[in-house]
Amino acid sequence: MCSKTAQIRLVSSHPEVYEPCDDSFALVDALLADRVNLLSHRPTICMEVGCGSGYVITSLALMLGNEAPGIHYLATDINPNAVKVTQETLESHGVHAELLTTDIASGLERRLAGCVDIMVVNPPYVPTPEDEVGGEGITSAWAGGENGRSVIDKILAFADTLLSEKGWLYMVTLTANNPSEICLLMRAKGYDAKIVVQRSTEEESLHVIKFWRALDFQGEGKEMVAAEKTIPSRVMESLLSQFPRLPFWKSSNSTL
Amino acid sequence: MLSCNIKGVTNGFPLRIEAEKVVEKQVDFNADFLKNMFPKIEWKALVAAAKSMGYTDLPDQAESSMIDSEEFLKKFHHALLQLHLEEGALICPETGRRFPVNKGIPNMLLHEDEV
Numbered sequence: 001m002c003s004k005t006a007q008i009r010l011v012s013s014h015p016e017v018y019e020p021c022d023d024s025f026a027l028v029d030a031l032l033a034d035r036v037n038l039l040s041h042r043p044t045i046c047m048e049v050g051c052g053s054g055y056v057i058t059s060l061a062l063m064l065g066n067e068a069p070g071i072h073y074l075a076t077d078i079n080p081n082a083v084k085v086t087q088e089t090l091e092s093h094g095v096h097a098e099l100l101t102t103d104i105a106s107g108l109e110r111r112l113a114g115c116v117d118i119m120v121v122n123p124p125y126v127p128t129p130e131d132e133v134g135g136e137g138i139t140s141a142w143a144g145g146e147n148g149r150s151v152i153d154k155i156l157a158f159a160d161t162l163l164s165e166k167g168w169l170y171m172v173t174l175t176a177n178n179p180s181e182i183c184l185l186m187r188a189k190g191y192d193a194k195i196v197v198q199r200s201t202e203e204e205s206l207h208v209i210k211f212w213r214a215l216d217f218q219g220e221g222k223e224m225v226a227a228e229k230t231i232p233s234r235v236m237e238s239l240l241s242q243f244p245r246l247p248f249w250k251s252s253n254s255t256l
Numbered sequence: 001m002l003s004c005n006i007k008g009v010t011n012g013f014p015l016r017i018e019a020e021k022v023v024e025k026q027v028d029f030n031a032d033f034l035k036n037m038f039p040k041i042e043w044k045a046l047v048a049a050a051k052s053m054g055y056t057d058l059p060d061q062a063e064s065s066m067i068d069s070e071e072f073l074k075k076f077h078h079a080l081l082q083l084h085l086e087e088g089a090l091i092c093p094e095t096g097r098r099f100p101v102n103k104g105i106p107n108m109l110l111h112e113d114e115v
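Protein sequences appear in the order of chains R and Z. Using my numbering, the letters of the first sequence map in sequence onto residues 1 to 256. Using my numbering, the letters of the second sequence map in sequence onto residues 1 to 115.
Hints were generated in silico from the structure; no laboratory data involved. Every residue gets a Cβ at the ideal spot worked out from N, C-alpha and C, and that includes glycine. The reader is advised that the hints may include incorrect statements.
Computed cross-link-like contacts, DSBU-like style, restricted to lysine-lysine with a CA-CA straight-line distance of at most 30 Å [stated by the list, open to error]: (1) Lys-189/R - Lys-21/Z; (2) Lys-4/R - Lys-21/Z; (3) Lys-166/R - Lys-21/Z; (4) Lys-25/Z - Lys-154/R; (5) Lys-40/Z - Lys-189/R; (6) Lys-84/R - Lys-21/Z; (7) Lys-154/R - Lys-21/Z; (8) Lys-4/R - Lys-35/Z; (9) Lys-154/R - Lys-75/Z.
Cβ-to-Cβ under 8 Å is the rule here; a few derived chain Z residues that face chain R [claimed, not checked]: (10) Arg-16; (11) Ile-17; (12) Glu-18; (13) Lys-21; (14) Val-22; (15) Val-23; (16) Gln-26; (17) Asn-30; (18) Asp-32; (19) Phe-33; (20) Pro-106; (21) His-111.
Label-pair ranges, simulated between beta-carbon atoms [as the list claims (entries may be wrong)]: (22) Gly-54/Z - Lys-4/R: 28 to 34 Å; (23) Val-115/Z - Gly-190/R: 25 to 31 Å; (24) Glu-94/Z - Gly-114/R: 42 to 48 Å; (25) Lys-103/Z - Pro-15/R: 15 to 21 Å.
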């Protein structure tokens, strides 16, 4: 029996590497829910930025792998230990991805521009002092600077360069990151967005947002599957503003 | 596909390969994937990279008409997907900066003064 997602008991670990948590599961659930669309989308290159333990990229490779051979998977992390752990996790599940230790996608953006069809990110989104951002070790897994947006905003810029015409981006955000503002920023770059998964805990709300390049009226429309509905950004704004401002989620290393 | 990102470097691609250990992996052949990737490949860079890893069977030049040939695709497949640099380094053509590769993973992290 092939598992469609990575198995926790086979996921490797290291004290300086972020273990799969609610946000990782939310992202994988979002991908699983969209699996049929992902397969019919026929991606060539799928990429994860910030692979951590490897849970997400491994799950993606497993859920698409059998029915869609010939997809190339890439994953990066700024923490060399995370990349090593990801390698072990991939191996223990019998799947393969090209791995790279780098800051988001630094080094790839010139040659891989416009090549990535699916990008998945569970970024460091916790609001922290700026000087904690991009640090060594496990802090880099959650430290997001002001409003938790320092790294997210950088990632979005890279995404815009790397994503192909038909590229999709799935990103995990907190309410504290101001998702409606993120969607507006992306709208200005020509992306539509929708919240595909939402999880609320006592302390915070997680939103997994899916972005794709907006089709203009001349677009062929073949990327739009019947089940998908675009929420106009104005509606999205009012929708998101109804979520209460919850206290920041401080502990991001809780195990299940 | 990697290029050097040190600030001020204008010609950071292609990175030269210093191969200490090359591993050949078994990867399923998929013609569609190869045909999709072909237009994105800088052919000369691939040939040089393959040579530095000990593979000299790639033609020096390639045109899109060649992707209809299974023989060509098999060589392309081998060079692109099956040759893996396990240990060694990638070297910036402009600055000589070495990016180490260990266990197949390149480390592209820049020092503070390079960003």
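Each hint tested on the structure:
About 43 Å separates the Cα atoms of Lys-189/R and Lys-21/Z, which puts this hinted pair outside 30 Å; it is violated. Distance restraint check for Lys-4/R and Lys-21/Z: the Cα-Cα separation of roughly 34 Å exceeds the 30 Å cut-off, and the hinted pair is therefore not satisfied. As the CA atoms of Lys-166/R and Lys-21/Z are separated by approximately 37 Å, the hinted pair breaks the 30 Å bound. For the hint pairing Lys-25/Z with Lys-154/R, the CA-to-CA distance comes to about 34 Å; that exceeds 30 Å, so the pair is violated.
Taking the CA atoms of Lys-40/Z and Lys-189/R, the gap is near 24 Å; set against the 30 Å cutoff, the hint holds. At roughly 18 Å between alpha-carbon atoms, Lys-84/R and Lys-21/Z fall within 30 Å of each other, so this suggested pair holds. Proposed proximity of Lys-154/R and Lys-21/Z is contradicted: the alpha carbons are some 35 Å apart, above 30 Å. The hinted pair formed by Lys-4/R and Lys-35/Z meets the criterion: a straight-line CA distance of about 28 Å does not exceed 30 Å.
A threshold of 30 Å between alpha carbons decides the hint, and for Lys-154/R with Lys-75/Z the separation of about 38 Å lies outside it, so the pair is violated. The interface hint given for Arg-16/Z is violated, since its Cβ lies 14 Å from the closest Cβ of chain R, which is over the 8 Å cut-off. The closest approach between the C-beta of Ile-17/Z and any C-beta of chain R is roughly 14 Å, which is over the 8 Å cut-off, so the hint fails. Below 8 Å, beta-carbon pairs count as interface contacts, and Glu-18/Z has none with chain R, the closest being about 17 Å; its hint is therefore violated.
At a threshold of 8 Å, the smallest CB-CB gap from Lys-21/Z to chain R is about 16 Å, leaving the interface hint violated. For the restraint placing Val-22/Z at the interface with chain R, the shortest Cβ-Cβ distance is roughly 15 Å, beyond the 8 Å limit, so the hint is violated. Proximity of Val-23/Z to chain R is violated relative to the hint, the smallest CB-CB distance being about 12 Å (cut-off 8 Å). A cut of 8 Å between beta carbons decides the hint on Gln-26/Z: the least distance to chain R is about 10 Å, and the hint is violated.
Interface restraint check for Asn-30/Z: the shortest CB-CB distance to chain R comes to about 3 Å, inside 8 Å, so the restraint holds. Checking Asp-32/Z against chain R: minimum C-beta separation of about 6 Å stays under 8 Å; hint holds. Checking Phe-33/Z against chain R by beta carbon gives a least distance of about 4 Å; that is within 8 Å, so the hint holds. Below 8 Å, beta-carbon pairs count as interface contacts, and Pro-106/Z has one with chain R at about 6 Å; its hint therefore holds.
Taking 8 Å as the C-beta cut-off, the interface hint given for His-111/Z is violated, the closest approach to chain R being about 12 Å. At roughly 38 Å, the beta-carbon separation of Gly-54/Z and Lys-4/R lies outside the given 28 to 34 Å, and the hint is violated. Checking the proposed 25 to 31 Å range against Val-115/Z and Gly-190/R shows it holds: the Cβ atoms sit about 28 Å from each other. Evaluation of the 42 to 48 Å hint for Glu-94/Z and Gly-114/R yields a failure: the beta carbon distance comes to about 24 Å.
A beta carbon spacing of about 19 Å between Lys-103/Z and Pro-15/R agrees with the range 15 to 21 Å that was offered as a hint.
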